[in-house]
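Whole structure, please, built from the sequences with the hints as guidance.
Chains as they are written, first to last, in our numbering: chain Y, 1 to 558; chain U, 1 to 558.
Just so you know, the hints here were simulated from the structure itself, not pulled from any lab data.
The structure presented is a predicted model; accordingly, all values stated were derived computationally and were not measured.
Watch out, some of these pointers could steer you wrong.
Remember, identical chains collapse to one label, so a pair may be satisfied in a single copy or spanning two.
[Said to hold, decoys possible] Below 20 Å or equal to it, Euclidean Cα-Cα: the simulated PhoX-like pairs (lysine-lysine) are:
{"hint": "1", "residue 1": "K358", "residue 2": "K320"}
{"hint": "2", "residue 1": "K32", "residue 2": "K174"}
{"hint": "3", "residue 1": "K32", "residue 2": "K178"}
{"hint": "4", "residue 1": "K358", "residue 2": "K430"}
2 protein chains.
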Amino acid sequence: MQLTETHRPTLDQALGAIRSRAYWSPHPEHPKAYGETGAADGLAAYQALLGTRFELDQPGTDGWTGGEVSPYGPELGIEYPHPDIEVLLPAMRAGMAAWRDAGPETRALVCLEILSRISARTHEFAHAVMHTSGQAFMMAFQAGGPHAQDRGLEAVAYAYEEQTRTPAAADWSKPQGKRDPLELRKQFTAAPRGISLLIGCNTFPTWNGYPGLFASLATGNPVLVKPHPRAVLPLALTVRIAREVLGEAGFDPNLVALAAERPGEGIAKILAVRPEIKIIDYTGSTAFGDWLEANARQAQVYTEKAGVNTVVIDSTDDYKGMLSNLAFSLSLYSGQMCTTPQNLLIPRDGITTDAGHKSYDEVVTDISAAVGSLLGDDARANALLGALVNPDVKARLEAAAGLGEVALASRVVANPDFPDAVVRTPVVVKLDGARKFWDGADDEAAYLSECFGPVSFAVAVDSTDDALELLRRTVREKGAMTVGAYTTSEETERAVEEVCLEESAQLSLNLTGGVYVNQTAAFSDFHGSGGNPAANAALCDGAFVSNRFRVVEVRRQA
Amino acid sequence: MQLTETHRPTLDQALGAIRSRAYWSPHPEHPKAYGETGAADGLAAYQALLGTRFELDQPGTDGWTGGEVSPYGPELGIEYPHPDIEVLLPAMRAGMAAWRDAGPETRALVCLEILSRISARTHEFAHAVMHTSGQAFMMAFQAGGPHAQDRGLEAVAYAYEEQTRTPAAADWSKPQGKRDPLELRKQFTAAPRGISLLIGCNTFPTWNGYPGLFASLATGNPVLVKPHPRAVLPLALTVRIAREVLGEAGFDPNLVALAAERPGEGIAKILAVRPEIKIIDYTGSTAFGDWLEANARQAQVYTEKAGVNTVVIDSTDDYKGMLSNLAFSLSLYSGQMCTTPQNLLIPRDGITTDAGHKSYDEVVTDISAAVGSLLGDDARANALLGALVNPDVKARLEAAAGLGEVALASRVVANPDFPDAVVRTPVVVKLDGARKFWDGADDEAAYLSECFGPVSFAVAVDSTDDALELLRRTVREKGAMTVGAYTTSEETERAVEEVCLEESAQLSLNLTGGVYVNQTAAFSDFHGSGGNPAANAALCDGAFVSNRFRVVEVRRQA
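Right, dumping it as structure tokens:
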């Protein structure tokens, strides 16, 4: 493989982008960019996988397991190899020394070849992501394809940069006055920690999986991929491609392997405390994330857990833009993003806008109307909402209507292509930030819990100061992946910035156009901060990669 | 203060050094480099502190505590402020926002001014380190002075580089085909985590303390310094200087404070789990280090704990050089370094040398003779050995003679300047690597435990392969700060390198001259690896600084 000629320029551009943080991506977002027959080929490739055994030729396969059902209805009918980890884990370690000795640049270039082959099959991945996560096709295409590939490439760039901060060798000569200098020849090697375990999630198997997978592989560690049982296919395809590329490049394919689990097996919990597992990347519930952090003490553990995202609404000079921006943010993928705003904090006395003063009720009504209008057309609603990923989300959505006064009821949207898809518009519920217990309801308990799915709380607060205190408390106690704010006051802007700086939350201010608080772009935006309870790591920064390897020094007298 | 003019060139040199890892230091090692009256002034300054109250003017002082006794005999008689942490901790947070807003460069330059003032008082620090650690004067001067300052400066350089990987601001413009591009203005701020707690050690209060102290301060965190109760003075002086410089530079002096404790108070354990404490740096016993890692879950915890350091002796082409190099390594500061070799693994059939074949017994006899000869003269012995730091070390030394056949008995060395100093030469004990239990002795239990102090085990092994397996097991199970090896075989060299790469241990090969396995140089050598049980962090690398702050992003529509 001509790895250097093909991929070194891309690596260099990625290294430039993570330093400039300007816009950059080598992965086209438009489905038409993948060739005339790209769409048809991708669909055909996806369909050819259905109802088959997904062969990986990895050691220690002791059976087959599967059972994915698309949130759009159809069963995928794919079976994956089930691992005997007593065989698979040692086999994964066998190729470590050669992979380590290849050095940071070769590892990075091999990772780029893997990403490049994934990119070429973006249409196929789009269907795989759509039918495991419930994302609408266009989102599955973009977030599951180019955006995920960008995040993977970003991790490779950080890993390369981190490993090359120290030179491979150095001559050290210490003057000794009139005597001869002391002289040493030193070698520095980026040495991997051990097997890295990726515990995938249901909603963004590739986007949330690629950073950890590629950060660990690029730093020399074998990676065992444990997908969410409902979202195996996108990561199984990834593992297959990685194994192919590794083998073709002369490395052991077993450096990347799949650990599909049997129903109820809980293989993540078993693997997480194995002594061979030295790194864990996890996206999912706070309960299991906390368990991993407390129990997988032999490993470096990177977690993205639940959080409660807030938008502070103080004032705006573009009321219409704010409403349409928020409506889109609340609707996209039925609120099933870890970055979707949940609590909209609105002063009970209303806000100042370019369209005049708006009372709390008016703001809530107008946001609800904007959502209703955005999703009024079923075709557009389906394209934005996708399907509810699992029955738990539907149950939460239905329960949310009982938590307070419903400003906007959820609507059932029919999907003509997939009649079994569960498609629902968001519910907007009014809560009172000053009301702890009222008539059997507990507003505070509601807005201080993550209600993952298409549920928004319009929380009335006494003032913007009150909103900032609630924001601070929410981030500190519950964590947040995103914070949004709308204000025309410089003082308020500074105050909300200060809360976010002190509580370590990523802030979007006055978004009224085509960028949404729940979207972050690789190479430029940080996803999470790693400094509040929602996640102990950010995508992507030095800390995400620097402890995945250690520098081992060998020094000799010169 | 003209911080930029004075210190920016030094910072730039440090940034260059951590990338080239060539020899560099701005801090002179020779006592005469500190001016004609430097030595006398330093001694006088130290003596003026004895028997006084050490005023710091920090908030929340609720009493005075002290009780340091020099390992050389005299009581220091110094009292330090005891903190009411309910008052002190909030006071330390008050200046955080201004310190954060000052930015990475100003913080780095203020840290360099602190180090520069410490450097100017190196003679005073030398006496303070000598009379708390028991190091001999020259070692206290060099390791406690310039070498410690180097390690502090190195941490500042890493912190600066890490914080400036992301620009302070970026414009992001994403093309949208024929439509206007999406445009955002982004700000990135290195935001501190919270109060950083430094838990100092007895033997190297400044050398082991400065990396964490300066890494945290340079990344925007207040630092609370909790010295070892027997080694308060060097860190109290450091805190006083830091407070002075911070105040003069217009920052809150309370960003650095001292937490001296009353006898038996155990204040480290109380502080370590306080919610305000977000970072902990610790050097000391494995038991308390493990406790911190398990319990101080609200904090980033960096620990250097115990380890068992090994030297593999396979063959040499400079037998005499090997003997004298090892003798020095075993003797320096009475083996009270975390980097001192403990186990010398020697094939029971002997080794090949330039002086002919040497049997196991001959090698052990010759090493013992080299130690005896090095320390034969009392003046030289005192200059190398220093004093035993505390009675536990003496007890361990005495017990070690009962663990096996004594090849070299420890000798009592008189110190004419300090008759109460406890000065002892190392004991060398023969053990058998193949013998688990024998005649009531348990060789394996002995050589697989850290015996901190002037105790060396000459362990007979069946072969070099056997030595490598024992080395691997020792590093994996017990950890190691250093590994040494002597061999003329390229194959053996590669094999020992491979063990060190796989088990993450820092290796010195064939040292026969004036560099010793127990010495590491800032800007070039890593101290520990962070990848084996002896320490979860290395001095100094990206991982040591990158999680002490988080990058908080604020983005706005452009």
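Cross-check of the supplied hints:
no.	hint	verdict
1	K358 to K320	within (12 Å within a copy, 89 Å between copies)
2	K32 to K174	between (61 Å within a copy, 18 Å between copies)
3	K32 to K178	between (72 Å within a copy, 16 Å between copies)
4	K358 to K430	within (16 Å within a copy, 86 Å between copies)
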